[in-house]
Amino acid sequence: MAKRVDLSNTPRTSTRGSKFSRIKSTDSPKAGWTFNRVLGRIGRYFLYVWISTIVAVVLFKFVPVYFTPTMAARKIDAIQAGEPSKISSQWTPYGQMDRNAALAVIASEDQLFPDHHGFDFDAMWGAVNNNLKGKRIKGASTISQQVAKNVFLWQGRSYLRKGLEAYFTLMIELIWGKKRIIEVYLNIAETGKMTFGVEAASRKYYGHSAEELSTTEAARIAACLPNPIRFSVASPSGYVNKRTQAIKRQMKALGGKKFLRNID
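Using my numbering, read the sequence shown as starting at 1 and increasing by one per residue.
Worth flagging that the hints you see were computed from the coordinates, not collected in a lab. Hints may be right or wrong, so weigh each one.
Computed list of lysine to aspartate or glutamate pairs in DMTMM-like fashion (alpha-carbon distance at most 25 Å, straight line) [said to hold, decoys possible]: (1) Lys257 / Asp98; (2) Lys204 / Glu83; (3) Lys242 / Glu212; (4) Lys258 / Asp115; (5) Lys178 / Glu211; (6) Lys178 / Asp115; (7) Lys179 / Asp115; (8) Lys179 / Glu109; (9) Lys193 / Glu83; (10) Lys61 / Asp98; (11) Lys162 / Asp115; (12) Lys61 / Asp115; (13) Lys162 / Asp122; (14) Lys257 / Glu212; (15) Lys179 / Asp264; (16) Lys257 / Glu173; (17) Lys257 / Asp115; (18) Lys61 / Asp264; (19) Lys252 / Glu109; (20) Lys252 / Glu212; (21) Lys193 / Glu211; (22) Lys61 / Glu211; (23) Lys179 / Asp122; (24) Lys179 / Asp98.
Treat the numbers as computed from the prediction; the structure is a model and nothing was measured.
Produce the complete structure using the sequences and hints provided.
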């Protein structure tokens, strides 16, 4: 018969305090959690901003651009100065404007518009050289760059804004295409005091729609684009008249409305 063993009085070995009983972490959970949390939030923030820019660019490929930061700035300035602040602007599809409108602004502002991918590097390099030589500071913005700036950004000069301008220029060139870019430009370009777009300018200064613009009328609007606050379509100065004739010659040299066949 097996002998029963009484274990009640057997000494028990305690593992309390043993180096194997517990592994203590040498890391600081709180510090690691805080760093990862901050890093994660920053990453998500930039991701959301990037996604929002894509959404905005895609949206404005189809939705009319009724209001821009430039319009807002002009309105605020007028209110602060106690002047009339009503903005004249009327969105008009590209197909409802005479092609003289597009041809005139391209001849005046950006003759390589149909062919470049948003940037005129030769003109940019020439502007940089002039600026480095101490000559009058001047830019070399294409129509695409002007649209990117006026639709999505603020006015002013800074490396941040120029960098964002380059980004949005590439985006609209890729997503919008030339026809949409010129359509938006013709609708948001500042064409006079509190006046934006070729349609509003045509009705205000000529008494008819942009669908009836003549070569001279379109060229005169384009002649004022460098400084529409200083230059007047309604009361053109000698400089504006001279520039108008130069633009008309350029429109003819480009081949007239046939020049737009790659855009239409």
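Verify the proposed pairing of Lys252 with Glu109, using a straight-line Cα cut of 25 Å. 15 Å, holds
Does Asp115 lie within 25 Å of Lys257 when you go C-alpha to C-alpha? Status holds; Cα separation ~16 Å.
Does Glu211 lie within 25 Å of Lys193 when you go C-alpha to C-alpha? 22 Å, holds
Take a quick look at whether Lys242 and Glu212 sit within 25 Å of each other, Cα to Cα. Holds, because 23 Å separates the two Cα atoms, which is no more than 25 Å.
Would the hint linking Lys257 and Glu212 be met if the CA-CA limit is 25 Å? Status holds; Cα separation ~14 Å.
For the pair supplied as a hint, Lys178 and Glu211, confirm whether the alpha-carbon distance does not exceed 25 Å. At roughly 20 Å apart (the allowed maximum being 25 Å), Glu211 and Lys178 satisfy the hint.
Take a quick look at whether Lys61 and Glu211 sit within 25 Å of each other, Cα to Cα. The hint holds at about 22 Å.
Has the given pair, Lys179 with Asp115, been kept, meaning a C-alpha gap of at most 25 Å? 12 Å, holds
Starting from Lys179, check that the Cα of Asp122 is at most 25 Å away, please. 23 Å, holds
So if I understand the rule, the pair passes when the alpha-carbon distance is 25 Å or less; does Lys179 with Asp264 pass? 6 Å, holds
Pairwise hint evaluation, Asp98 against Lys61, where the allowed Cα distance is 25 Å at most: 21 Å, holds
When you check the alpha-carbon spacing of Lys61 and Asp115, does it fall within 25 Å? 20 Å, holds
Of the numbered hints listed earlier, not one is contradicted by the structure.
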